[in-house]
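Following the hints, complete the assembly by docking chain B onto the known chain A.
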Amino acid sequence: MNWSTLVKVARFQLVDRTGYIILPWAILAFDFLVNLALIASWRAPHAPAQTGACAAIYLFFMVVGALSIFQALPFALSLGVSRRSYYAGTALLAIGLAVVYGLALAVLQVIERATGGWGVSLRFFRVYYILPGPWYLTWLTSFVGLTLMFVYGMWVGLVYRRWNLPGLVVFFAAQATLAVAGVIAAARASAWPAIGHFFTTLSAAGLTGLLAALAAVLLAGGYATMRHVTV
Amino acid sequence: MTPAISVAGLTRRYRGQLALDQVSFDIEPGSITGLLGRNGAGKTTLLRIIAGQEFPSAGSLTVLGAAPTTDDHLLSRMVFIREDQLYPQYGGRFTARHTLRAASWFYPNWDADLAFALAADFGLPLNRRVMRLSRGMRSALGIVVGLAARADVTLFDEPYAGLDPVARQMFYDRLLADYAEHPRTVLLSTHLIDEAAGLLERVLVIDRGTIILDAAADDVRGAATSVSGTVIAVQEFTAGRTVWDRRRVGSQESAVVAGALDDTDRARATALHLHLEPLSLQQVVVHTASATAVSQPGMHTPERTSA
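Respectively, the protein sequence lines represent chains A and B. Numbering that gives the first Met the number 0 puts the first residue of the first sequence at 0, with every later residue one more than the last. Numbering that gives the first Met the number 0 puts the first residue of the second sequence at 0, with every later residue one more than the last.
It should be emphasised that the hints constitute simulated quantities derived from the structure, not laboratory data. Take the hints with a grain of salt, since some may be wrong.
[Stated by the list, open to error] Result set (SDA-like, lysine to any residue): computed pairs, CA atoms no more than 25 Å apart in a straight line:
1. A:Lys7 with B:Arg96
2. A:Lys7 with B:Tyr106
3. A:Lys7 with B:Ala66
4. A:Lys7 with B:Trp104
5. A:Lys7 with B:Ser103
6. A:Lys7 with B:Leu113
7. A:Lys7 with B:Glu180
8. A:Lys7 with B:His97
9. A:Lys7 with B:Gln88
10. A:Lys7 with B:Asp83
11. A:Lys7 with A:Gly220
12. A:Lys7 with B:Phe115
13. A:Lys7 with B:Asn126
14. A:Lys7 with B:Arg207
15. A:Lys7 with B:Asp151
16. A:Lys7 with A:Leu91
17. A:Lys7 with B:Asp71
18. A:Lys7 with B:Thr229
Pulled out of the complex, with its shape left as it was, chain B reads as follows:
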């Protein structure tokens, strides 16, 4: 099957600064992938290149099997919702309703009913000028366009800046519901990892322009465990294991152990009166990103240790 998005050796340089460095991955059609990473890690640059808004310095890229810059037919199967979207302003009234109307012309699968239902759910004032909308409402407008377009490849870059938690939850719910009925390829960049965790089937973690983790979300969730108890017990339990992080307060220690734990391990932990807690997706990502930031020898990404 042709990958929905295929990226190989993708590199983007800006005046000596390396925004993307040899990024490679394939995304199969019909999946929701999270693109995670810190500020300035390269998420937006990567998404802009995939959407055909920016050009790579080197490397290759195909979306639905073709280059995403010249082919109108291919482009009509892709939508890109970005946080800092600029809307047309000719000094007049380009309203939220205008935005939806314009979007409906370009997407063959546009669902107007869904668009208006979503707009009503978000409380979007359709007759207000886009530039007069609050930040949250502008995000809501982007989300409505992104979902109602029903594009085969749907790219969201931090789509919910300024949205309150209730509206964000609504976005996750409506995305999942519509995705179930109309499967498509969704690539979503976000900082709110735990919030979106339930949505994600796969995670790509990018740090300083390189992909440092590319794994199924379920694998990442079990990839590390926090072990806490007395220093002696923790030391004994963690001997010979890959430890990402150790913290000591008095006689108590807490360590993050990489790799899945089996029943024997759990029994041993119970015998040592240790408390075990699997790391959430967000915690694993934070550890992975900070591990590469420090890049100490012996620190491994879960991808390598669990392989």
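For reference, chain A alone in the conformation it holds in the complex:
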């Protein structure tokens, strides 16, 4: 695995720019315009309108992550790319795009703030709790969030490639089990107040660190699944 191979893999992904570049922004633009039109026509002026609709770009990044495996992986392997290089090259591309896209989201947030929510008090790029802060924290959190979603998508794609639908069901069931076990354990230990306190006092930077740690775990899980994936 060397840099030139990773760069080739990234270029391979971008041969068709639709998935990585055009669609994420086209979807976000459409999503934004719909929200803007609704808020402008329905809300009383100056009452802040919070929407969580900018999640669309994060969700779509997850879809692209999954597509990078079950649509593009087979041809890449036929062209003599190792699984490891393909995984690393694709993840690096996603991280690179997340840096740029995160900055773009931060810039849009700055504009939103400066224009009083696009003139209609719309809070589209400012999200309570998650993306409330200064532009550099928005950049950092968006970058980590996009990376996290892409890496998770890749893992979903890998599980599907390797174990098909039953595997995917088990994969999601395992996550649900983990979540339920966490909830039960927290209830038994009467830890809910402490957990609530932890999250309410957690800074945006702290939250970002948590998401980054989760992304690292997902990246490792995907890598382990990747090593024996077949096409």
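Below, chain B without anything else, positioned relative to chain A:
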């Protein structure tokens, strides 16, 4: 010399079904080998394992002296063209031209001129989306990638599904021409044995996961002869020989005799008014495969009888 492909005891199990059973062979660099066998015999599984796309349950495998799954440098010296290739789709326009461009980055010996010349010969619409190409055109695209990659190890799995006979002949001609100038190791699986026969230097016949014949193509061609004439004459001629198959219509009989015939045999056949016809590669393969399918005692593969 290190074999281009070396396989030993290769076994692949899928949920109790044995797709490959103890497959062993070496392929020397600079040869064209045909991988022949019936549907479901294990050809694609074997090629996918050699290409590093699938993993064996047991056994060992080296390509150009190394394992073909992790080494990028080694992998860039190998190309695998499969019939059911899936191409990237992100909802956009991944065209035939995109395919060639992407392939050119990964192969150090990629010949762009050859790629475009071949594409023009096949009438490949380069600006059309790969998923909109007809089956034949998609096969042509695979062939162009496989030949222009000039990879040391070139694996073709039924590369010409949907291609018309003219285009298939073009594939054979261009493969031979390019092979002559840039020798490499080609392993080609096919059903169209007689068509590809002129190309093949060696044949591997696989049946239900086992290699049942591994021989030089020229040896296989002379390995059996069809003898036909009156029942009495045929009976007399074939007495004491290994006979693969007998067919009788009225007083006429036709038998397939294993092993090479010498001049004495031919003279005898002429005296008995027998008609002799050497079996083609395809006929030998069919007999070999059906012989093991029936697995009657006394039925031998040509490999054993001619040894």
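Do the hints match the structure? See the list:
| no. | hint | result |
| --- | --- | --- |
| 1 | A:Lys7 with B:Arg96 | 17 Å, holds |
| 2 | A:Lys7 with B:Tyr106 | 11 Å, holds |
| 3 | A:Lys7 with B:Ala66 | 22 Å, holds |
| 4 | A:Lys7 with B:Trp104 | 7 Å, holds |
| 5 | A:Lys7 with B:Ser103 | 10 Å, holds |
| 6 | A:Lys7 with B:Leu113 | 22 Å, holds |
| 7 | A:Lys7 with B:Glu180 | 28 Å, violated |
| 8 | A:Lys7 with B:His97 | 14 Å, holds |
| 9 | A:Lys7 with B:Gln88 | 18 Å, holds |
| 10 | A:Lys7 with B:Asp83 | 24 Å, holds |
| 11 | A:Lys7 with A:Gly220 | 24 Å, holds |
| 12 | A:Lys7 with B:Phe115 | 21 Å, holds |
| 13 | A:Lys7 with B:Asn126 | 22 Å, holds |
| 14 | A:Lys7 with B:Arg207 | 39 Å, violated |
| 15 | A:Lys7 with B:Asp151 | 20 Å, holds |
| 16 | A:Lys7 with A:Leu91 | 11 Å, holds |
| 17 | A:Lys7 with B:Asp71 | 12 Å, holds |
| 18 | A:Lys7 with B:Thr229 | 69 Å, violated |
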